[in-house]
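These protein sequence lines are chains S and R, in that order. Residue 1707 in my numbering sits at position 336 of the first sequence, and the numbers go up by one each step. Residue 1617 in my numbering sits at position 246 of the second sequence, and the numbers go up by one each step.
Keep in mind the hints are simulated off the structure, nothing from the lab. Check before you lean on any hint, since a few could be wrong.
Said to hold, decoys possible - Subject to a maximum C-alpha distance of 30 Å in a straight line, what follows is the list of computed DSSO-like cross-link-like pairs (lysine-lysine): (1) S:Lys1710 / S:Lys1576; (2) R:Lys1753 / S:Lys1649; (3) S:Lys1636 / R:Lys1753; (4) R:Lys1778 / S:Lys1453; (5) R:Lys1753 / R:Lys1789; (6) S:Lys1787 / R:Lys1778; (7) S:Lys1789 / R:Lys1474; (8) R:Lys1508 / S:Lys1626; (9) S:Lys1772 / S:Lys1788; (10) S:Lys1778 / S:Lys1788.
Claimed, not checked - Computed footprint of chain R on chain S, listed as stretches where at least three residues anywhere in the stretch have a Cβ under 8 Å from a Cβ of chain R: (11) 1436-1449; (12) 1463-1471; (13) 1654-1663; (14) 1680-1688; (15) 1751-1762.
Even glycine gets a Cβ: it sits at the ideal position worked out from N, Cα and C.
Number of protein chains: 2
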Amino acid sequence: MLRDSMRLSDVVGTFVTPVFSGIINHDMSAQKNEGMEAIISLAKRRGFIYQGSEIYGGLSGTWDYGPLGVTLKRNIMDLWWKMFVQDRDDMYGVDAAILMNQKVWQASGHVETFVDPLCEDTVNHRRYRTDHILKDKGIDPTGMNMEQMDEVVRTNGFKSPDGNPLSESRTFNMMFKTNVGPVDDEASISYLRPETAQGIFANYKNVVDSFYPDLPFGIAQQGKAFRNEISPRDFIFRSREFEQMEIEYFVHPEKWQESFDALLKDIYDFLDALGLPKESIHELEVPAEDRAHYSQRTVDMEFDFPIGREELLGLAYRTNFDLGNIERVSGRSMEYTIKGTNEKFVPHVIEPSFGVERAMMAVLSSAYTEDEVNGEKRIYLKLPEHLAPVKYAVSPLLKNKPELVEKAREVYQMLKKKHGNVMWDDNGNIGKRYRRQDEIGTPYCVVVDFDTLEDGTVTVRDRDTTEQTRVKIEELA
Amino acid sequence: MLRDSMRLSDVVGTFVTPVFSGIINHDMSAQKNEGMEAIISLAKRRGFIYQGSEIYGGLSGTWDYGPLGVTLKRNIMDLWWKMFVQDRDDMYGVDAAILMNQKVWQASGHVETFVDPLCEDTVNHRRYRTDHILKDKGIDPTGMNMEQMDEVVRTNGFKSPDGNPLSESRTFNMMFKTNVGPVDDEASISYLRPETAQGIFANYKNVVDSFYPDLPFGIAQQGKAFRNEISPRDFIFRSREFEQMEIEYFVHPEKWQESFDALLKDIYDFLDALGLPKESIHELEVPAEDRAHYSQRTVDMEFDFPIGREELLGLAYRTNFDLGNIERVSGRSMEYTIKGTNEKFVPHVIEPSFGVERAMMAVLSSAYTEDEVNGEKRIYLKLPEHLAPVKYAVSPLLKNKPELVEKAREVYQMLKKKHGNVMWDDNGNIGKRYRRQDEIGTPYCVVVDFDTLEDGTVTVRDRDTTEQTRVKIEELA
Chain S
1372 MLRDSMRLSD VVGTFVTPVF SGIINHDMSA QKNEGMEAII SLAKRRGFIY
1422 QGSEIYGGLS GTWDYGPLGV TLKRNIMDLW WKMFVQDRDD MYGVDAAILM
1472 NQKVWQASGH VETFVDPLCE DTVNHRRYRT DHILKDKGID PTGMNMEQMD
1522 EVVRTNGFKS PDGNPLSESR TFNMMFKTNV GPVDDEASIS YLRPETAQGI
1572 FANYKNVVDS FYPDLPFGIA QQGKAFRNEI SPRDFIFRSR EFEQMEIEYF
1622 VHPEKWQESF DALLKDIYDF LDALGLPKES IHELEVPAED RAHYSQRTVD
1672 MEFDFPIGRE ELLGLAYRTN FDLGNIERVS GRSMEYTIKG TNEKFVPHVI
1722 EPSFGVERAM MAVLSSAYTE DEVNGEKRIY LKLPEHLAPV KYAVSPLLKN
1772 KPELVEKARE VYQMLKKKHG NVMWDDNGNI GKRYRRQDEI GTPYCVVVDF
1822 DTLEDGTVTV RDRDTTEQTR VKIEELA
Chain R
1372 MLRDSMRLSD VVGTFVTPVF SGIINHDMSA QKNEGMEAII SLAKRRGFIY
1422 QGSEIYGGLS GTWDYGPLGV TLKRNIMDLW WKMFVQDRDD MYGVDAAILM
1472 NQKVWQASGH VETFVDPLCE DTVNHRRYRT DHILKDKGID PTGMNMEQMD
1522 EVVRTNGFKS PDGNPLSESR TFNMMFKTNV GPVDDEASIS YLRPETAQGI
1572 FANYKNVVDS FYPDLPFGIA QQGKAFRNEI SPRDFIFRSR EFEQMEIEYF
1622 VHPEKWQESF DALLKDIYDF LDALGLPKES IHELEVPAED RAHYSQRTVD
1672 MEFDFPIGRE ELLGLAYRTN FDLGNIERVS GRSMEYTIKG TNEKFVPHVI
1722 EPSFGVERAM MAVLSSAYTE DEVNGEKRIY LKLPEHLAPV KYAVSPLLKN
1772 KPELVEKARE VYQMLKKKHG NVMWDDNGNI GKRYRRQDEI GTPYCVVVDF
1822 DTLEDGTVTV RDRDTTEQTR VKIEELA
């Protein structure tokens, strides 16, 4: 669970906490908007990210990944899985179902408190987040509960954007609700999970029973989560359907600090592997009054996105709050016995929580670069090689010369066999191809020309420097 | 879309088609049950697959994947992606949102016809599939529509399993419904996608606009799909939440046959790479009267599961039915223009559709083997090496000898660096470790003993033959 979005499930009632969605965007500068728009435009044009259900006018808060976006997303998710699960001895992966027994969300507190305060235009029945109404009137709702916000609306006679009176607020649960089975009643209610974390907690006992790992150990999961945001915004930053990468790291209650520090270091290693510039990453030590009541330490990693400085991921020490809830509601013991001893306790957890789309947006916005080449504006994505959807593009200099095409296909097949992510590109002239490959972040363009047939060398053009060098085919890979 | 589950959306009304869910299971022999039960038990015990929400008594039709199940599933999905997308020049991957604009399902026909016939016990209001009621009474509902089934119930005075009168049937839509946004009304209805295929069709135009690929080309997607099955059953074979791998392969209307044949061959290559025995795979040429009205050819690949011969995947020629529906409802042209010509048409499609869980169940049931070693029954999974969640398990002969442990850690690190999927196992005696590794399908167990310290060789024990050989450490990898 990312902290800013869990704000209302970790406290009782509908208070507004300081790290609040969408505040920064209200005063988003035109310049920031431009930066974001340029990336959105490139993402669509080049097949990274399309609006969800675009052909039917869209479905707000959903996004579809095109051929290059899928690969970039997979590269990010696979890198995380490799660094946090596969390469480690202390991590266990799980993949829990999106639909879970409603008790999961009763125990976690989501049914009761994962809510936003909504008021209604009493004439046209449009609904608004009450805190947004206050924000728009220049009032900071931080720390107010719903009644206090209503009081402010009443006292000041605030109206809806259409100028009509506003109703009192009601809580609106952000979980998508559905029914499982043939009968629609209370018993058949289920929710689309609003976070992957509870799928991990629900399987804690299964993993312990199957593997009995030594403490500390972690359970990791990647997968979709869903939140019925009233105002999804900022491209893929805050959408209704998104992908998380979460870990619950189970520790001895007295030894949480060392694991917390170690995980913080691992997070930095991952962000470094994503190629994010250090100066854009900000570690925010969340002060006690803003933390969930049970947490003794929470660190938010913020990032300088084009939309402003916003949360990229969170690292929270959650004590035994979640396993304790499961014990209470399921009636089953979550205790862990230290091997060879009688020492028994419910482990505490540290939770690193990543949003895939936020990581992707950080990668894209860090990579997006404009410069000038031969007096012309050039756009390119300075993606790290291991994340680039295409590593090599291979072209024949001229597509109507069979001998060039044949040789280029040879080089293409050789590289593809070795690297997988290689693209054949013979569309338009060489200049256009370079431009296109720059925009999708391809580090190297390989061109087969007449010299190739003579001396077995090809032109390799570097994305970042635009320099071209002659390289022997056998030295290419 | 897998054909048997699309039966009711490809025809108008609620007819029952011959390839029907759960029929075989009604007369499932005790022996078949046993085979399935053995696999389910191993899957849970060893951390492959757990019942979804088990800690709260479960949620019927959902399954959670444990550490080994996640890896096996990833290995299968990655293999598919490599063979069908990455290694090819004619395939484009997408990853569309699960929540889509409701028009997607109006256009596809799912809102109206993706339905099951349900009747109700008029006393206790339990609901039953009418065709299942008939089946249980020994009557074959194949080809009957809802009214005909009701007529049979009425004429024969069939009662519910609790002995009460049954109501007339009503249609029940198998899509999970939810609402997107703050207001629950007709306009905000959305569905959990019942198939990934429509996410591909909805992005056909985006992909063509971004890449303008030559025909034929395919768009591929992997991802979750959801169906509110009345009676989920047979382990992961028919669940409410599952994972699909689908391709829509776009072709010139006159050239569909060659692509159909080529894809059929590719499917066989994939099944071979999964290690499925040829004799368990059956190609079913679906006769005209059982095909969707627009399809000129459909092949079902069936597999001999422990629950009987059932559909593993489908390959269907769907003409321009789906893109035609989108044109009609969206009002936008789906025409493709052959490059350099004026030839324009809506492409036809061929759809290979795979269920991940079915592939996994086929792999597990093919791999599950019992034999006898030294007079004791042994269970092992004969998984192909490239699918096995763990390729090498590394052990010190004795865990209380630091020099053995140290050397074994060295070997472990070396293999892990090279192969990734390597497990450290020092639990219990060597015999127990072999037994455990056999059950999870680890091809090789590597044991470091005192000889290792002398001559640098280790024992490598083969899962299938149980033979042990001495191998030099440097020759291991």
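Status of each hint after checking the structure:
no. : hint                  : in the structure
1   : S:Lys1710 / S:Lys1576 : holds (16 Å)
2   : R:Lys1753 / S:Lys1649 : violated (47 Å)
3   : S:Lys1636 / R:Lys1753 : violated (40 Å)
4   : R:Lys1778 / S:Lys1453 : holds (25 Å)
5   : R:Lys1753 / R:Lys1789 : holds (22 Å)
6   : S:Lys1787 / R:Lys1778 : violated (38 Å)
7   : S:Lys1789 / R:Lys1474 : violated (43 Å)
8   : R:Lys1508 / S:Lys1626 : violated (63 Å)
9   : S:Lys1772 / S:Lys1788 : holds (24 Å)
10  : S:Lys1778 / S:Lys1788 : holds (16 Å)
11  : 1436-1449             : holds (count 7)
12  : 1463-1471             : holds (count 9)
13  : 1654-1663             : violated (count 0)
14  : 1680-1688             : violated (count 0)
15  : 1751-1762             : violated (count 0)
Of the numbered hints listed earlier, those contradicted by the structure are 2, 3, 6, 7, 8, 13, 14, 15.
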